[in-house]
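Engineer: Order-wise, the sequence lines are chains A, B, C and D. So the first sequence is numbered by my numbering: it starts at 3 and just counts up by one. So the second sequence is numbered by my numbering: it starts at 1423 and just counts up by one. So the third sequence is numbered by my numbering: it starts at 11 and just counts up by one. So the fourth sequence is numbered by my numbering: it starts at 9 and just counts up by one.
Among the clues, some could well be false.
To be verified - Cross-link-like lysine-lysine pairs, in silico, BS3-like; alpha carbons within 25 Å at most:
| # | chain 1 | residue 1 | chain 2 | residue 2 |
| --- | --- | --- | --- | --- |
| 1 | D | LYS127 | A | LYS27 |
| 2 | A | LYS156 | B | LYS1484 |
| 3 | B | LYS1446 | B | LYS1530 |
| 4 | D | LYS176 | D | LYS127 |
| 5 | B | LYS1472 | B | LYS1484 |
| 6 | A | LYS156 | A | LYS27 |
Derived from the structure by calculation, the hints contain no laboratory data. Quick caveat: nothing in here was measured; it's all calculated off a predicted structure.
What follows is each chain in one-letter form.
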Amino acid sequence: MTTQLAPLPVVIPLAAAGILAGLNKFTPRRLADIVSILVSAAVLGISLDLMNAAARQPILYWFGGWTPRSGVALGISFAIDPVGAGLASFASLLVLSAFVFSWRYFESVGTLFHALMLVFLAAMCGFSLTGDLFNLFVWFELMSAAAYALCGYKIEEVGPLQGALNFAITNTVGAFIVLTGIAVLYGHTGALNLAQIGRALGSDSSPIVIVAFVFIMAGFFVKAAIVPFHFWLADAHAVAPTPVCILFSGVMVELGLYAVARVYWSDMDGPFAPHRMALTSLLLSVGTITAAVGGMMCFAQQHIKRLLAYSTISHMGLMLIGFALLKPAALAGVALYVIGHGLVKSALFIVAGILLHRYATVDELRLHGHARRLHVTAGVWVFAGLGLAGLPPFATFLGEAAIEDAGEKAGQGWVWVVFLVSAVLTAGAVFRVGARVFRGWGTRQKSARGSKEIADKPETTPSRRGVPPQLFGPAAVLAALALAVGVTPGVRGVAQTAATRMADAAGYQAIVLDHASIPVNPPPVEHVFPMSSVLRGVVATGLALALAALSLSRYWRREYIVFKPVRGLISGLQQVHSGHVGDYVALLTLGVAAFGIVLPVLMKLGL
Amino acid sequence: MSLLPFAIAAWLFIIGLYGVVTSKNFVHLIMCLVIVQSSTYVLLLAIGYKVGGVAPVFAGVKVGTPAVDPVVQALMLTDIVVEATVAALLLALAVQAQKRFRTLNPDKLQELRG
Amino acid sequence: MLILQIAILVMVAAAGTAVVLTRDPTSQVIGISFFGLLLALMFFIFQAPDVALSQIVIGAVALPLMFLLTLAKVRLNVDIARISDQQNAKRKENEEAA
Amino acid sequence: MSRRVRSVLFVGSALAVFFVYLWAARGLPRFGHYQGPYGDVINQVGVFERHATDLVTAVNFDYRGFDTLGEEFILFISVIGVTLLLRQQPEEAKDEQDNMAKNDESLGRDAPEPSDATKVMTLALVGPLVAFGIYIVTHGQLSPGGGFQGGVILATAPLLVYLAGDYKTFQRVASHTVVEIGEAIGACAYVAVGLAGMAGGGLFLQNVLPLGTTGNINSAGTIAVISAGVGLEVAGGFVLLMHSFLEQALSLRLRSKQ
């Protein structure tokens, strides 16, 4: 029965979007709101159901009934495992909150906004559930097309247009790189189905396979905002409307990493099996750089949305580190981290949206002490900040602990340092903003950016009367969920089972191509986390608070010798983040070249 | 010689990117993106080609005649539509950007820095 | 490989390069339309008539048309901006004179 | 980065990418020796299973029909995106039109009236063009063509009316609301055909119609229906795209005619 539901997470929102857009001129705004909320709730329900069923037995759905003939897939399949269905559920949850939030938010939009968001949802679901490489690309493009339009939505301002242009151009280049990789892989194996490609490749690690994977990886890393492919992200997030930011940061960029993980675990684990160390070393270093660059840039921002965007980059680096360990246990950690991070980050973006709604700016220095009376909103902000720092028992902590644990077992015991630094920098920045804006701590400073500042306009008529529940409600719920997921008993076991299933390439191939069924393993026993990881979570939070306090104190502005190199480094980084799309594409090309040279060299060195 | 089609695909890819990187006009830049995309056409076409194969249209041709790969052609059709629509979106953004900034030159857009 | 195939591939590469190196967008549109036609011809030669047909209608007609319309619109915007600038300047002058 | 640094950085990286690309391409099957299996299997079974002679169309609208659904919505959503991005702000619309009228005056150019010969010639082309478009849409399963190609051809017909200077007729033929609804119907038709497969107890996009005789126009079952729907959607989508880019000029010209 549940199998019959498989195409619906894609089909229902598409149909609804078609109808809403067609009847654009005849549909009242509220009706569109209600329809969209109902549709995303329905998709959430169906995806959760699929996830449940897939935990017992992965779901296979051949569109048009074209089942494979003697191992050759003729059509397109959904191969739904718990990770894919879980991501689809998560995406629909965030879309649902975005719709609730925009109930009051956009006061002058027609139904086209709803159509765009619904298609965005359909594309994310298709992307998570598909078992076909080219189909993955199609949903990737659909997701991007909707995202470009949503990003440039506020055409009356200058910022959004530049942000959307940078976003659209870099991501389009990324998509072409992915397509090139797919084409090369197709030329080599004559297959587009992920399972069939995996079987055809076996353990073949010839140059063509490596380069195809490099292209696919680099292209999806553009979406995942991994250094040096990340430049578009801060520009796009700073300018996109708040409900759209929720989806961008909460799930879209993570889907970029998901695609790499999916392709790796279904096709590339065989070829890279003797060379795992090479891939791990490359990705661990890239992840570490991403986490560091994102963290430093985050701390240097005063535009709150941009600050949150850089924090997303930093956390993407952490998730990449989790993937780079190439272990199911670490993958389970990444899954938990994606959920935890997506929830708290969405809550933070919603609070930023509330500030924009009330005060018509999101500049930290201009807002100094302005929001003293928003106690509940302030509470949500700090609460979500604790989640960002990875304080136990938030879901982010669970993910972090699992990744660190897997790192230690894989001989990479230093991973926790990166997590600590990233948490201190990003959560420190969030706490600093909170103290300044909601409490008025620290000295009042003139906004240094002056006329160069991104012009923010309110997305509504600013109102000074309280914050309506449709605005902060979703933020509070999402932040609370991040904690709830963390304390749910058995959640680690579920993640572990899901990750093990995703990482089982042979099982995946047998299910898709041979219609085999896989015995269900009982969820593994959850061992208690060592005291050290709990301690690390607490210490990270404490250090973040200390850093926030230090940066608000008068010592911060003195020219101590220790601050000098840090300031130099940050201003150098700021130079590179120039907002110039030519620079971005040049660095993107550099990234592709670096991946394409370093990975084969590392493999040659026998790592 | 048999590498020629692939070399041309690679060439179109990097020359298009060169245009994107050095462009001084967004409309020019978008046309360069079209060139980058055409590289994927050449690649797909070259992958699916069979010497002496007929087109995969079996009207008046007996089934079983060696034919080129229909799958890459279906992929290219998708690719072409994607190209046109993404270009349209980018052009719309460029038109609006020009209206606000009064320039189409990426060098002169300085809103988002740091 | 046939001489014809080699020739069309080389022509596509050359035309693509020329389009990139043409810095004036208006002449570039003519170039990209020609490039689109060459691609369509290439698709015919390599036994892809379906693709060739859509390349002709989209790559050689619809897409260049969109580029032209964009350029026209940009030119219109420039004119409008100039006129409103002139008006503003005149208004300012009048105010100052008053 | 300065222009120079950027160029040097790019050229170096691009050369590296070029060689990495070729390094991989050396591992591909030699040019002209496609080895399958995917395409070869389709070439073997496609005609018998789907009663369609154009296998590219069969792959597009049936074997890999789910891709094409996504692709159709890429077009659909881009049209919406362009409409949204090119929408006129209420306050600026009036301003702009005033300025535009002044601009035309100052340049001494009124919206130029096409000559009668041009009018007759272009309008005479509309009929054959529409017929050709419909032919391409409906024969997709038999010969090269199909919904996408035919749809674009159909979309050029209203444009010819515009070029002929018959703006009133253009507005009637290409009324924004009507085209918008038509486009949406085309898009939803695809979804509906897919759901029909499920309603019959089968799978999404499974064929539910009789396959007919290979080579006949009403053969190939759902492929023909999907092709027609896609044709409608694509035609509508491209007309809307042109509409968005033409909008300002159009409103001005209609005014000048009054």
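Engineer: Work down the list of hints and note, for each, if the structure agrees.
Structural biologist: Hint by hint, here is what the structure shows:
1. LYS127/D to LYS27/A: violated (33 Å)
2. LYS156/A to LYS1484/B: violated (57 Å)
3. LYS1446/B to LYS1530/B: holds (9 Å)
4. LYS176/D to LYS127/D: Between LYS176/D and LYS127/D the Cα gap is close to 14 Å, so the pair holds against 25 Å.
5. LYS1472/B to LYS1484/B: holds (17 Å)
6. LYS156/A to LYS27/A: Given that 25 Å is the threshold and the Cα spacing comes to 20 Å, the pair holds.
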